[in-house]
Amino acid sequence: MHVTRRGFLQLVSGGSASLALTAALGAQQANTGAANVPMDEARYLPVRLPPRSSQPSMTNLQRDALEHRIHCQCGCNLDVFTCRTTDFSCQVSPAMHKDVMALVAGGYDAQDIINAFTKVYGPRVLMEPPRRGFNLAGYFTPFVVLLAGIALVVVLIRRWHRPVEMDAGVRQLPVDASPDELERLQRLVRHDDS
Amino acid sequence: MILIGELSLWVALLMAAWATTAGFAGAFTERQELIASARRALYAMCGFVIMAAAGLWTALLTSDFSFRFVASETSRNLPSVYKFTAFWGGQDGSLLFWALILSCYTAIAVRTGRKSNRELMPFVVPTLSAIALFFLLTICFGANPYSRLDFIPLDGRGLNPQLQNPGMALHPPNLYLGYIATAIPFAYAVGALITRRLDNEWLTSVRRWVLVSWLFNTVGIILGMWWAYVELGWGGYWAWDPVENASFLPWLINTAFLHSIMVQEKRGMLKKWNVTLVVSAFLAAILGTFITRSGVISSVHAFAQSSVGYWFLGFLLLSIAVTAALVSTRLRDLKATAELESMVSREASFLFNNLLLVGIAFSVLWGTLFPILSEAVRGTKITVGPPFFNQVNVPLGLLLLLLTGIGPLIAWRRASTANLKRQFTGPVVAGVVALALLLALGMRDVYALIAYTLGAFVLMTILQEFRKGVEARHRMYGEGRAVALLHLVARNRRRYGGYIVHVGIVVLFAAFAGLAFKEEFDVSLKGGEQYAAVDPYGHQWRFVSQGVSRYDELNRHTTAVLLEAFRDGKRMGVIKTEKRQYVDSRGVPSFEPSTEVGIMSGLRQDVYVVLAGVSGEDTAEMRITFNPLVWWVWYGGMIMALGGLIVMWPQAERRRRQAGYEAVLEPAGTSAT
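Listed in order, the protein sequences are those of chains W and D. Add 45 to a position in the first sequence, counting from 1, and you land on the number used in the numbering used here. Add 2 to a position in the second sequence, counting from 1, and you land on the number used in the numbering used here.
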């Protein structure tokens, strides 16, 4: 049963009190749906193209996979397939699904459909940014930073690892230990890995 | 009690202000009476915050709807347990909950550290008080849960249905306990930087608190994953949502610190790095809070948009400026006392481990903020969803898994070829055998193959370490192997607890790799109709709808569908999935309908059914998903928590020495083992 916000508020507090409550609780009254974020159903924009063929371009499973690449615009952060199969209170993902179905039935392949959605909504309709232009910075920066970090560590290790020259004034003291004892000490040092 | 609570909040604010002012004044002028006064004010602040929290709980449990917070988060018919948990269900109450945990932590840290950290404590007290002051200011002037309505409604709005779940009763407190514990090491770092006492001593106290933070953060994240999985209904447990990412950042940084601190303790190196990590973990926690509460990024987990975000942004920038200034003026004091001798050493492997952990933290932060950056630079809105994060982080995560196996086995200072050969032959063979077996079984997913191969490698390294230790005890003390294992872990909790954490990590990676084989189906069924599907293991499943039923429960109208499930012709049970419409005490719908997922769980896979809705009279629209190895996530989390607990458990100094922290040389002539 769907109850409008106005109706809900009138029932809850009645008369003038409802107005005050609206103001007080305004931030939490939005239609939030399963994803707990305000849903803006006006965000749906039709994506339609004239049919290219009478044969559907893909199977239902392939269509579902394609819908995983398209971002539902209701504000939920989910893809179209997941949103529409999770929450029927969202009106945006079923509408977008209908557009996908129509394009599939019209013979458009996955890339055509992605392009058509991108043309209407812009790149925000894709679950990941297209790999071109400024977006490449998004993809490569973490790896560049990591490589720079590795290079820095290697340089630091090399700098730290300079052979230490013994001071000319310092004479090496004779060690009062047998080779076996020395070996055992070295073993202990190596195994000291707590 | 409610009135006392309300007043206590303001008194706590005054106490925090005094503790900060007197504390810093006393610390800088070395006036003991001011230092002592600040400490007492801090304890008093803790007491008043506890009373403020008790007052709010009283208001919630007695449904005092004169308070805006109570009216907006609860209703008369809300079960008492959720009236209690509603405390952290909304912005205002959750901030008071923050302040409550922070105050308690602060009092405990000051009480337990007053003798062991005499020099630092005069600065730790006002730093912690300043953090508490910020929170109390935000609460009193930005999001006061005691603010009143101009009228008293007959009933409240009720708690968001998604928060009416045991996961949400436990997940936020654990996450908060983890987040807020980062404040204590931060305060110690500030104290150490101001006093220039940057030796290893302050790290002992800090490490304990970082462990507290890490443990609660781990449990909180896993519980959050569980809640998302069973409650949200989208079929997964991690969506790289901005708020999920925000909780992950302090965890990654704390994990890096818990490794790099060993290098400082052992070799006196990485001092600058460790201070930076301690400070960064706290800043990441504040950044996460800013993201969650500002509305700057939309999220499944976020609170409603509010001006509180600006308070946090200001505090974050101030904290960054102060700590950057402190660190930059103390660089000389943070000079290492030893040098790294070889790339093939434990120090080097920990360095690379840190680099990867911080690299992953950076990539997560980068991906989270990239949409804002893109819009600012190009004016184009983009979405950065799970595919992006997986592409960037999966390779880094696998490299980290590899280092999980290498790090603990490689020798300090410099590993010899013999050492490498002795330690790694078995694990490499285990990895190769696992790979061959999986290929023979027909697995072709590259990332999954790498994950399971590395998992086998790491597991073997850990088993090898346990076996060596147990055998040594068995030979030396004649203990049975089970007893030897218990003693081994008990005598060196830090080392073997760490290994148990690594086992948990391997189990988690195995579970994540299982996602590659997830199968999902979009299904419409009338009563009596059936649907056939094949799971990732090749089993034939049949689901028969028992029809749609509608009934009323305590505070909701429920629409449910029962599916009878058969696997290869054998009846496996019934799965129930629901759509719930929550109502207030007069039957008025209070929220949009929510989903209750039906899950048939097993060790190998979950059958996950979501009722999206009912079309017509009785046609159930559902999504059926086969989710392989999901339970391994929960087991992995439990193993990690167990390992963390073992590491944290206090160990007497005498035992620590026996466990090998101080090697005792035997006289010449006796055999060494």
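No lab work stands behind these hints: they were computed from the structure. In this text the structure is predicted, and so the values were computed from the model without any measurement. Every residue, glycine too, gets a C-beta built ideally from N, C-alpha and C. It is possible that some hints are incorrect.
Derived, one-sided and incomplete: chain W residues facing chain D with beta-carbon distance under 7 Å [claimed, not checked]: (1) Q136; (2) P139; (3) Q156; (4) I159; (5) N160; (6) A161; (7) P174; (8) F179; (9) G194.
Rough simulated footprint, nothing fancy, chain W against chain D, three-plus residues with beta-carbon under 8 Å [what the hints assert, rightly or not]: (10) 389 to 398; (11) 571 to 579.
So, P174 of chain W near chain D? Judge it on the closest CB pair being under 7 Å. holds, 4 Å
Hey, does the I159 of chain W contact hint survive, CB to chain D under 7 Å? I159 of chain W check fails; min Cβ-Cβ to chain D is 13 Å, beyond 7 Å.
Apply the coverage criterion to the segment 571 to 579 of chain D and chain W: a residue qualifies when its Cβ sits closer than 8 Å to a Cβ of the chain, and three qualifying residues are needed. Our answer is that it is violated, as 0 residues pass the Cβ test (under 8 Å) against chain W, missing three.
Please verify that hint: G194 of chain W, Cβ, nearest Cβ of chain D, below 7 Å or not. holds, 5 Å
Can the hint on F179 of chain W be confirmed by a CB-to-CB distance to chain D that is less than 7 Å? holds, 5 Å
Does Q156 of chain W pass the interface hint, meaning its C-beta sits closer than 7 Å to a C-beta of chain D? Hint violated; Q156 of chain W Cβ to chain D Cβ min 16 Å, cut 7 Å.
Can P139 of chain W be said to touch chain D, with a Cβ gap under 7 Å? This interface hint is violated because 9 Å lies over the 7 Å limit.
Status of the Q136 of chain W interface restraint (C-beta, 7 Å, chain D): violated, 11 Å
May I ask you to test the interface hint for N160 of chain W with respect to chain D, counting a Cβ-Cβ separation under 7 Å as satisfied? Violated: closest Cβ of chain D sits about 16 Å from N160 of chain W, beyond 7 Å.
The hint names A161 of chain W as touching chain D; please verify it with the least Cβ-Cβ distance against 7 Å. With a closest approach of 17 Å, the A161 of chain W hint is violated.
Would you check chain W against the segment 389 to 398 of chain D, counting CB to CB pairs closer than 8 Å, and say if three or more residues qualify? holds (count 5)
Of the numbered hints given earlier, the model fails hints 1, 2, 3, 4, 5, 6, 11; all others are met.
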